[in-house]
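Residue numbers (our numbering), protein chains in the order written: chain A, 59 to 781; chain B, 59 to 781.
Any given hint might turn out to be false.
[What the hints assert, rightly or not] Heads up, simulated DSSO-like pairs for lysine-lysine below, C-alpha to C-alpha not over 27 Å straight-line:
1) Lys520(A) <-> Lys721(A)
2) Lys613(A) <-> Lys572(A)
3) Lys520(A) <-> Lys627(A)
4) Lys572(B) <-> Lys222(A)
5) Lys613(A) <-> Lys733(B)
6) Lys662(A) <-> Lys112(A)
7) Lys733(B) <-> Lys564(A)
8) Lys638(A) <-> Lys619(A)
9) Lys222(A) <-> Lys564(A)
10) Lys721(A) <-> Lys742(B)
11) Lys742(A) <-> Lys736(B)
12) Lys650(B) <-> Lys742(A)
13) Lys356(A) <-> Lys367(A)
14) Lys631(B) <-> Lys650(B)
15) Lys572(A) <-> Lys222(B)
16) Lys742(A) <-> Lys742(B)
17) Lys520(B) <-> Lys88(B)
18) Lys736(A) <-> Lys742(B)
19) Lys638(B) <-> Lys572(A)
20) Lys634(A) <-> Lys662(A)
21) Lys572(A) <-> Lys564(B)
22) Lys613(B) <-> Lys733(A)
23) Lys619(A) <-> Lys634(A)
24) Lys564(A) <-> Lys572(B)
Because the hints were derived from the structure by calculation, they are not lab data.
Letter by letter, the chains look like this.
Protein chains: 2
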Amino acid sequence: MSADLLIYLSIAAGVVGLLYTLWKSSWVSKQDPGTERMKRISVYIADGAMAFLKAEYRVLAVFVVVVAILLGVSADAKASSSLVAVSFIMGALCSTLAGFIGMRVATKANVRTTNAARTGLAPALEIAFAGGSVMGMGVVGLGVLGLSVLFLVYSSLWPADPHKVITVITGFSFGASSIALFARVGGGIYTKAADVGADLVGKVEAGIPEDHPLNPATIADNVGDNVGDVAGMGADLFESYVGSIIGTMVLGAVFLGSASFVQADTMLNGMAAVLLPLALAGVGIIMSILGTFFVRVKEGGDPQAALNKGEFGSSIVMIIASYFIINGLLPESWEFNGHQFSAMGVFWATIIGLVSGVLIGLITEYYTGLGKRPVVEIARQSLTGSATNIIAGLGVGMRSTALPIIVLAAAIIGAYTFGGLYGIAIAAVGMLSNTGIQLAVDAYGPISDNAGGIAEMSDLPKEVRARTDKLDAVGNTTAAIGKGFAIGSAALTALALFTAFMATTKIPSIDISKAKVMAGLFLGGMLPFLFSSMAMQAVGRAAMSMIQEVRRQFKDIPALKAALAVMHKNENKEYKDWSKEDQATFDAADGKAEYGKCVEISTKAAIREMVLPGLLAVIVPVVIGFSGGAEMLGGLLAGVTVTGVLMAIFQANAGGAWDNAKKMFEEGIEIDGQKYYKGSDPHKAAVVGDTVGDPFKDTSGPSLNILIKLMSVVSLVIAPLLI
Amino acid sequence: MSADLLIYLSIAAGVVGLLYTLWKSSWVSKQDPGTERMKRISVYIADGAMAFLKAEYRVLAVFVVVVAILLGVSADAKASSSLVAVSFIMGALCSTLAGFIGMRVATKANVRTTNAARTGLAPALEIAFAGGSVMGMGVVGLGVLGLSVLFLVYSSLWPADPHKVITVITGFSFGASSIALFARVGGGIYTKAADVGADLVGKVEAGIPEDHPLNPATIADNVGDNVGDVAGMGADLFESYVGSIIGTMVLGAVFLGSASFVQADTMLNGMAAVLLPLALAGVGIIMSILGTFFVRVKEGGDPQAALNKGEFGSSIVMIIASYFIINGLLPESWEFNGHQFSAMGVFWATIIGLVSGVLIGLITEYYTGLGKRPVVEIARQSLTGSATNIIAGLGVGMRSTALPIIVLAAAIIGAYTFGGLYGIAIAAVGMLSNTGIQLAVDAYGPISDNAGGIAEMSDLPKEVRARTDKLDAVGNTTAAIGKGFAIGSAALTALALFTAFMATTKIPSIDISKAKVMAGLFLGGMLPFLFSSMAMQAVGRAAMSMIQEVRRQFKDIPALKAALAVMHKNENKEYKDWSKEDQATFDAADGKAEYGKCVEISTKAAIREMVLPGLLAVIVPVVIGFSGGAEMLGGLLAGVTVTGVLMAIFQANAGGAWDNAKKMFEEGIEIDGQKYYKGSDPHKAAVVGDTVGDPFKDTSGPSLNILIKLMSVVSLVIAPLLI
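With the rest of the complex left out, here is chain A (with noise of 0.2 Å):
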């Protein structure tokens, strides 16, 4: 095989994720919408989502245009190239696609879920699959194609200097970054808005039940879990995925230095280790669309198991299929500046990234899930109180941490172990090998959980409600455990491509026994501090803008003002007993409340409020690595992943526990001879939990993987200029 046809092979796999994704995305779009009030329903969040969508495209339309004209301007001319402003680009647009076809099936998605559940479980299960598996071959899909096009346009253009093509592609990742650090962070920052805005003046003020169609905010409240957690996650995930890619290249480049590697790898000259990744991932398309098949439930079957069984399976003939492609491709063995190597070295690592990233997935679920010790214990400590609750929440995510870091760092020197920094960086690749089909599965939660709302909008029979709920409750599942893998792949991707900045700028140590390492260390480790603060206020502020706007129209809109009337003067009363007058003052308000305003508030909120924290995450590195030097910023990188990927743990494990906590008293518990149910004392202080809670899980803890991510690729793409 030449390396010219190993890149035509990834090609193809990207084209194959991109051609299921079209067949499953006009599949979904031919399934039944339901009635015309849910279709009416599914139209205002289609809408809303797009109009994010939209104003977020402008505002980063002059970010990447500004970007790639002072990346062109600056590059240095000897190892980069202004055509890095191209990759930028190109990263920039891929990532975007991807989010945009991923959103735009997931708003289709929902409401066909819907209406499959009035008939039954397993078709439900289907399209709310479906819909997210069209995210989920998106990413990678467009991860795949997008850097095999550009490997192969730069390899024609300097195809005796593969460092260069090498250092020119990193852009794309940057471009993949800048796009995650929008939708992950405006995303998170628009989803809480929108949902504290809704509960706090909606539920709380006004007394309107959730998701119901008067509270004006409740659209905003559904748009948001497709901005926050389909396309957030999803642009995190392909983030994650280029950098593991581009760093495991760039660490690969190395091994041309290596005449007993370049000897024994006839077939790619010299360019197996940094192919390789990209072999990887273009068979994970293929592996993960087989898992797809795997998903599949009888009715009244489990649908957590089927989503199990499509995960694990292609697991597993991924591990299979990684040991015939690392032997394959890579020399039984070779030297390197005196250490040895081996194919099977590599594939050890490549197998640690996996087993860790499934390791760190379970204990996410074991420190959130429903009914596990820590949950149950934040529900006891409810007993006493908000303030009990909160200290017992803060203490589980905090204790949290532990077994994470122990697999991490265990994976750390395993993979080095077997593999050197080459070995750190596969693991990734290996960690996010089946990106395919985990997004898949991310992306299905979401779809369930608006697929709930608009049977309650849509005043369904009480069990179509009863089946999404039952896709929901797996969904939380999914999530926490999704949550938990990407932050275990942002560490794994922040290392790799740690190591890549590290061989780029040629430093031989990051020396921690130097003041400015130890500072940089220091800074960067306060960073994750400051950006989840900034991230929580921001949620602050945009919750109160929606909340005032929120009142205003209950004030000024006189249908909205009657119906609220109305609803209050028949309390007690079930609708139907309501007089027809009153019936009719209510319908009258149907379509009313003006959703768009509260969409345009939570839109500019998260757009306006980003820009400081996604600032400081550009252009802190580059201040402190052309003021301080490359150690320096080693040492700040080293500091930023450490604690980024402590809070992001911490957070995402607090919000996750104190949220189930309070699941579980709606759901009814028992403590200590006694049961306790939604309504009671306990059960009060543990929704204050599960607020605080929220924008912990949501915002700013998503977000620190982005920071960590993004402060690695742009030091990689300012590397070239700090030697």
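Go by the hints and put chain B onto chain A.
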């Protein structure tokens, strides 16, 4: 001047410090303790404090003996000696003695402060501050004395091997750290268990006012102030003080390898850099004593201004003195390992340490001060409930890490630029040079707090409580600054010990690009999260036992039960309007509460809960050091120091800010044109924040100071075995 003369002078300075404590403590003892009732209450508190100390000493004795044997046996004969065990025991003894003296006087000064407040503010301030200054001078006096004597003895044993002298002396620092662990972690658990227990069951369940003698936990609560804030803070600063001196000595000994240094240092035979920290500390004692004479307030004057005058006055004279000491002792300039050093450079490094200590204190005050923007923001967020109050507090805490870390990073780079690694260590000594007066001001706080409690329990007139409240309010600000100072000094001390560790193991670098170091960094970074979680859980469990004991007493002790019933019967009447019979029933309960039982519960819980985190701090560096090597241990230390400092600042400031946001409601606060008071809904929301913040700022946060220093010192002690 010869080295011996300098040591004798240091011993003399230490003795002067101790004479001052003798003089002041006998002066305090001679003051009038007031009425019979006041005396009785103060005896309860003093006995409770001694009961804790005794229980602590029992466990301590076992711990010290076991560790001493291990140290003695494992000492490597070449670089160390089994006398390291003697140093360890001496360090433990000196710290214990300082804590004992400080607690004894504090528990005498409290009641005498109350009594003096019956006449006026000025005499009350005088006694409270005198009590604090005994703790302050006891700590610095015993620190300098203990170190100087050991140095003298070991120098006479090994006159030709100063390296061995210093290596063996490091055990002193380990001894100090071990006591600090017991005092700070145990004390922190003690004080919050008593506080939370007394509040939840006394104030909330039984409806008794704070500090009421009917509440069986009230004495334990007052004991807690002494145990946590006097003895705990004292041991913490003793550890920093001793650690920074020893770290600097180890690094100073490096210059014995510089020919130009040894040649120029004719006076002290190359030992000038080793002895400099002792000389600075010795002079610092005298300057601190001088400073105490500035602390005077006229009737109606401002106690804060008086305390500030003492602190800043002694800082300024210390700067001047440092200039002459450093230029007098060190050669004008010298060369080592290709780097140029100078006396003036070392002077500037010292000033950088001193100034950054003050800056970190001032920043802490900004983020936690009454009426300052961050605290007002938290108060405002209380309007929408406890959840938003919590989110705001967490946000403020996280954000408040930024400036102190920037100061710290600048200090590291600045001190290193002026004086290399030695500069970093001497900066810590500079920051800590006026520990004597700093600690006097710190310990003054809890004494005033106790004085207020005693006034309440003794039914003294309102103006007495008003005066003690004024002293206490000032104490809260100094406590916040003191906490910032303690964290800053812990960070620099840990760095000093860390660099000393590197100098001892002779590892050329701690290279983050090595997998082991990176893994160490992650593991180390995780420990403060785990440690904090353990400390918070410990408080939760201990408070639970306390609640059960108080409930039991209210049920089982007939006199208490009757008095409670009478109190509730006369709920809306003042005591003087009660029937004679009711008054008699109520009075009969006086002193019937079994305070001792509650004291015992807090004591036992504190000791028991401290074991696991304590062992963790001692064992982890040993395990990592021997299994992963010195460089991985270095990574671990860097990780634990960075996140330890961040988490300590985050928790201390969040807790302080929540506390004062609550206080703002108690004083009455106007938000958006509306005035809110104690008992309003926003105040209740703020109380939740305060309760969450209590273990943050008084248990888990301060414990991290110990964690980072203890792990560094353990590493330094085992360093000779890792070469």
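Taking the hints in turn, this is what the structure says about them:
Taken as a hint, the Lys520(A) and Lys721(A) pair is honoured in the structure, with Cα atoms around 19 Å apart against an allowance of 27 Å. Between Lys613(A) and Lys572(A), the direct Cα distance comes to roughly 62 Å. Violation of the 27 Å bound is thereby established for this hinted pair. Between Lys520(A) and Lys627(A) the CA atoms are separated by roughly 25 Å; this keeps the pair inside 27 Å, and the hint holds. The suggested pairing of Lys572(B) with Lys222(A) holds, with an alpha-carbon distance near 26 Å, which does not exceed 27 Å.
Between Lys613(A) and Lys733(B), the direct Cα distance comes to roughly 26 Å. Compliance with the 27 Å bound is thereby established for this hinted pair. Taken as a hint, the Lys662(A) and Lys112(A) pair is honoured in the structure, with Cα atoms around 11 Å apart against an allowance of 27 Å. Under the criterion of a C-alpha separation no larger than 27 Å, the hint pairing Lys733(B) with Lys564(A) is inconsistent with the structure, at around 62 Å. Taking the CA atoms of Lys638(A) and Lys619(A), the gap is near 18 Å; set against the 27 Å cutoff, the hint holds.
Straight-line distance between C-alpha atoms of Lys222(A) and Lys564(A) comes to about 15 Å, which keeps the hinted pair within the 27 Å bound. About 25 Å separates the Cα atoms of Lys721(A) and Lys742(B), which keeps this hinted pair within 27 Å; it holds. A C-alpha spacing of about 22 Å is found between Lys742(A) and Lys736(B), which places the hinted pair at or below 27 Å, so the restraint holds. Taking the CA atoms of Lys650(B) and Lys742(A), the gap is near 38 Å; set against the 27 Å cutoff, the hint is violated.
The straight-line distance between the Cα atoms of Lys356(A) and Lys367(A) is roughly 14 Å, inside the 27 Å bound, and the hint therefore holds. Only pairs whose Cα atoms come within 27 Å are accepted, and Lys631(B) paired with Lys650(B) is accepted, the gap being roughly 23 Å. Note on Lys572(A) and Lys222(B): the hinted pairing holds, with a Cα-Cα distance of about 26 Å set against a maximum of 27 Å. At most 27 Å may separate the alpha-carbon atoms for a hinted pair to count; Lys742(A) and Lys742(B) meet this at roughly 15 Å.
Restraint check: the Cα-Cα separation between Lys520(B) and Lys88(B) comes to about 26 Å, which is no more than 27 Å; the hinted pair holds. Simply put, Lys736(A) and Lys742(B) have alpha-carbon atoms about 22 Å apart, close enough for the 27 Å limit, and the pair holds. Between Lys638(B) and Lys572(A) the alpha-carbon distance is near 76 Å, which puts this suggested pair outside the 27 Å criterion. Between Lys634(A) and Lys662(A), the direct Cα distance comes to roughly 40 Å. Violation of the 27 Å bound is thereby established for this hinted pair.
Our distance criterion of 27 Å between C-alpha atoms is met by Lys572(A) and Lys564(B), whose separation comes to about 14 Å. For the given pair, Lys613(B) sits about 26 Å from Lys733(A) by alpha-carbon distance, which is consistent with the 27 Å threshold. Taking the CA atoms of Lys619(A) and Lys634(A), the gap is about 21 Å. The hint holds against a cut of 27 Å. A C-alpha spacing of about 14 Å is found between Lys564(A) and Lys572(B), which places the hinted pair at or below 27 Å, so the restraint holds.
Hints 2, 7, 12, 19 and 20 from the earlier list are contradicted by this structure; the remaining hints agree with it.
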